[in-house]
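Please take these sequences and the hints and turn them into a complete structure.
In the order they appear, the protein sequences are chains P, V and R.
For the first sequence, position 247 (counting from the first letter as 1) is numbered 247 according to the working numbering, and the numbering increases by one without interruption.
For the second sequence, position 94 (counting from the first letter as 1) is numbered 94 according to the working numbering, and the numbering increases by one without interruption.
For the third sequence, position 234 (counting from the first letter as 1) is numbered 234 according to the working numbering, and the numbering increases by one without interruption.
Careful: at least some of the hints might be erroneous.
[Unchecked claim] Calculated cross-link-like contacts (lysine-lysine; reagent style BS3-like; alpha-carbon spacing at most 30 Å):
id: 1; chain 1: V; residue 1: K73; chain 2: V; residue 2: K201
id: 2; chain 1: V; residue 1: K287; chain 2: P; residue 2: K293
id: 3; chain 1: V; residue 1: K73; chain 2: V; residue 2: K244
id: 4; chain 1: R; residue 1: K129; chain 2: V; residue 2: K89
id: 5; chain 1: V; residue 1: K20; chain 2: P; residue 2: K293
id: 6; chain 1: R; residue 1: K129; chain 2: V; residue 2: K20
id: 7; chain 1: V; residue 1: K244; chain 2: V; residue 2: K201
id: 8; chain 1: V; residue 1: K89; chain 2: V; residue 2: K73
id: 9; chain 1: V; residue 1: K73; chain 2: P; residue 2: K167
id: 10; chain 1: P; residue 1: K293; chain 2: V; residue 2: K73
[Claimed, not checked] Taking beta-carbon pairs under 7 Å as the criterion, some of the chain R residues facing chain V (in silico):
id: 11; residue: R8
id: 12; residue: P206
id: 13; residue: F207
id: 14; residue: T210
id: 15; residue: S213
id: 16; residue: G215
id: 17; residue: N229
id: 18; residue: A298
id: 19; residue: P304
id: 20; residue: R305
Rather than coming from a laboratory, the hints here were simulated on the basis of the structure.
Here a beta-carbon is modelled for each residue, glycine too, at the ideal position from N, C-alpha and C.
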Amino acid sequence: MNMLNPILARLKKMPRAALITIGLFVALGTFAPWLAPQDPSAQNLLEAGLGPMAAHWLGTDHLGRDTFSRLIIAANTSLVSVGSVLGIAMTIGIVLGTIAGYHRGWVDDLLMRIVDVGLSVPSLIISLAVIGIVGPGYWTMVLALALAWWPMSGRISRAVAVSIMSKPHIEALRVLGASPWRIYFGHLLPGTIGSVMVYATADAGTAALAVATLSFLGLGIQPPTPEWGQMLVDALPYLESDPRQVLLPGLALTAAVIGFNTLGESIALNRIPKPLTRRMLAARRLEVASWDKENSDA
Amino acid sequence: MRDEALLNVSNLTVNLLTAKSAVRPVDGVSYSVRQGECLAIVGESGSGKTVMNFAPLGLMPTGVTTMLSGSVKLEGRELIGLPEPEIQKLRGKSVGFIFQDPMSALNPVRRIGRQIAEMAELHLNMTPRAAEARALELVKLVGISDPVARLRQYPHELSGGLRQRIVIAIALAGEPKLLIADEPTTALDVTVQAQILRLLKDVQRRLDMAMVLITHDMGVVAGAADNIVVMYAARAAECGPVDKVLVSPRHPYTRGLINAIPRREDPIGSEFRGLPGIPPTLGAPIKGCALAPRCELAVPACSNSRPPLVRSDDSSVLVACPVVNQGKAAA
Amino acid sequence: MIHFISKRLKHSLVLLFMASLVCFTLVVSAPGNVAVLIAELRGAVATPGYVEQVAEEIGLHKPLLMRYVDWLGDAVRGDFGISYRTGTDVSADLANRMFVTGTLIVGSAAIATLISLALGFLGAFWPYKLPDRVSRGLALLGASTPTFFVGALMIYGFSVTFQLLPSFGFNGPKSWILPWLTVAVLPAAVLSRVVRVGLEEAMTSPFVLTAKSKGLGRTAILFREALPNITPLFINALGTQVGLMTATAIIVEPLFAWQGLGDYFLAGVRFRDFMVVQACLLIFLTFFIVVNLIVDLAVLLTDPRIRRQWS
Ligand SMILES: Nc1ncnc2c1ncn2[C@@H]1O[C@H](COP(=O)(O)OP(=O)(O)OP(=O)(O)O)[C@@H](O)[C@H]1O
Ligand code: SF4
Ligand SMILES: [Mg+2]
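Structure, rendered in structure tokens:
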């Protein structure tokens, strides 16, 4: 439970529009199979490249597949793969980061050096190199992206772990002879997981972009599974005649990423003081005016 | 001209509105400074000294909305209500400022020479070259050795005392008529404090400027100032000529302050004689006398209404304490 | 100063060595028998005998250390071996492709710098007012729109709808504009936030109060006082973004039919042409190391505080 509390506390302070977008994305992604009105892979060449109509709310693509259904199923594809990537990356990052933060010394130095190098190479290049060597495929993509993503959570968990370890009550526990296991699993790990998850959520937008980019390049999600990046690249040859099929998946993806990025920015910026809003200013002025009234009454 | 005050503040009230709260750090304070004179402003931390001097000249940090009322006249010109661009023209030109912490007052990535010279360019319409020459002159004036080399250095290469001298040089560069020094020695080593103070006194006399000196240190007041304003919780408790106020303090708070100065005849290890209790946190103005909870002489009436500043019959000293004033009158 | 530079150079050399090890290991550890691949590539039937012969020829039986030394020696001399797919010399393609990608990165970096400074200043000059909100909205949009979607929109807008600019090919400045803009969007968005937030933080520092007390106006304070303070920060962020542009090039070059390094690398990955992947990866890594070196030296020049620590 103490893992959830900091997350809930922070959720309250976050921009509502971002939360709604993310909520929509997650809900669509989770319930996609029940929400999609039609079979996303059912081709019908007789109905190819149609505009919006009653049977196909957002028209059909060049193979006559229902675009609306495909967009919804693609949210599911995206959600599942982003979830897997972040899940694996966070597990690696948290385990290595907390070990580094607990142990310090050379373990810490070595791990953080690796993290630095990992962070300085663009994730697309890391994952493409892995795919180039191992060969494309769903799990290659997930693992390759996780490999590119863990250093971030590694660095954050290490920083959080170091600050937890230097808190007085942990010192006290240590002096009192609590076992390292108890300190690690009872205090360090739960504390770190809570904080890292918030950052990971904010990072999900970039992960979604990466999945879409690899799919766009033909090295991620393979057809016929619909995915936004892949839908976009499929429609690209028909850009001139049917731009809608390019725009729709692009907009869907952009909206989801904007949601996550707004969240990320609000996390990064909340330490800078904001100026007074007009309404607050008016309230303060009223407060001050009341002082003068009291004084003149007296 | 000497009789006309250069700076005339009357009944100044400042409200600060921030996202968290509204406070009134200055509440109906009046004082004036003449050319060639030095006015000391003393008071505990948070009593509103800085806000009182900086807010009317538009020098408040971002994120704070300032509300001013009362009157602040500089050379007969009303500052309150003056639009910001006009006030901007006065800063640096008519009024020079010296800050509490010289370590952070200078831009770390700009050469010292530029930071001084741009003042001369801005206010004396000098060419960059002439301004450099002026900067060199100023650096010599504030007593810095090896001035040519110093101009090409960056702030972090200098000690605190040297940096404060640079800040003084910047303040003097526009040839202001009024110098506002906000605790110019608080952040410095004890040995350097005396030097900087002597320097300030010296340039003030030489350039015949008016100076407002904000300080905690009664020793500084005695050595440098002509007049004094004692602030307590946003209000002036007592003000008047230094020789009168320091020699025979009347307001209980001023007495407490002067009493708190360690004396030579104190036995070693004797108890520190500060004022008991802590100053009130500012917020809404206090109805009665703000000192009441800490005051030895307090009577119930003290908390009822705000004590007015009253001129004592014998002198130019003003005291905001009816108990003391009436006692005097009765005697 | 000299001490710092030599130390920093040594650090870069160590990184280069590590980068070469990574590239080498990656290919050595690739699944599958390289000799079979090459044998098939040469059109021969991959009989065990012939495979053995190929393996002997490319030195597969030598100890790993020897193979590394041979490979590194060749690579340093600019010989990156033969493409498994086309059978041509990898290095023959590289020079021209590096020029194409170089054009892409230099142009985009310049555009991103200009746009981000303009947007950042706009926001810092009128903080939390309309220009700031617009600049912030644009930054959010730019940072969230997938690059391939930006490219598609550019093509749709400028080539298909208005027919102003060519949508593909690398022939002359007119054909460079769309790819430049496409690559510049993301870094411009990210950097504009760096400028905006950096300026705002600089504007709350105590020396800004000093500057105000001097009678300087807001414009002068922003440019004279705050800008020099965020320069090191900006250079650092720009370095990161220039590094990232190699990744963007992988997406954008194929989109606009540019034959650059990104396109080469992608083809290498698609067809599992290890020699191409290896060569491109080594060039990319070297590029990051060099960019980082330049950034550190530039920061040294722009920040006197660091300069003093090292002199
Ligand atoms: N930027 C600000 N935001 C909010 N309140 C402020 C700000 N600056 C000052 N105040 C309020 O004004 C009061 C007086 O502050 P001021 O800096 O004038 O005190 P001071 O007498 O100069 O103290 P010190 O001796 O510590 O410099 C403070 O107690 C604080 O409540
Ligand atoms: S008014 Fe009353 S409380 Fe205030 S100083 Fe005088 S005696 Fe003390
Ligand atoms: Mg102060």
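Numbered hints the structure breaks, given as an ascending list: 9, 11, 18
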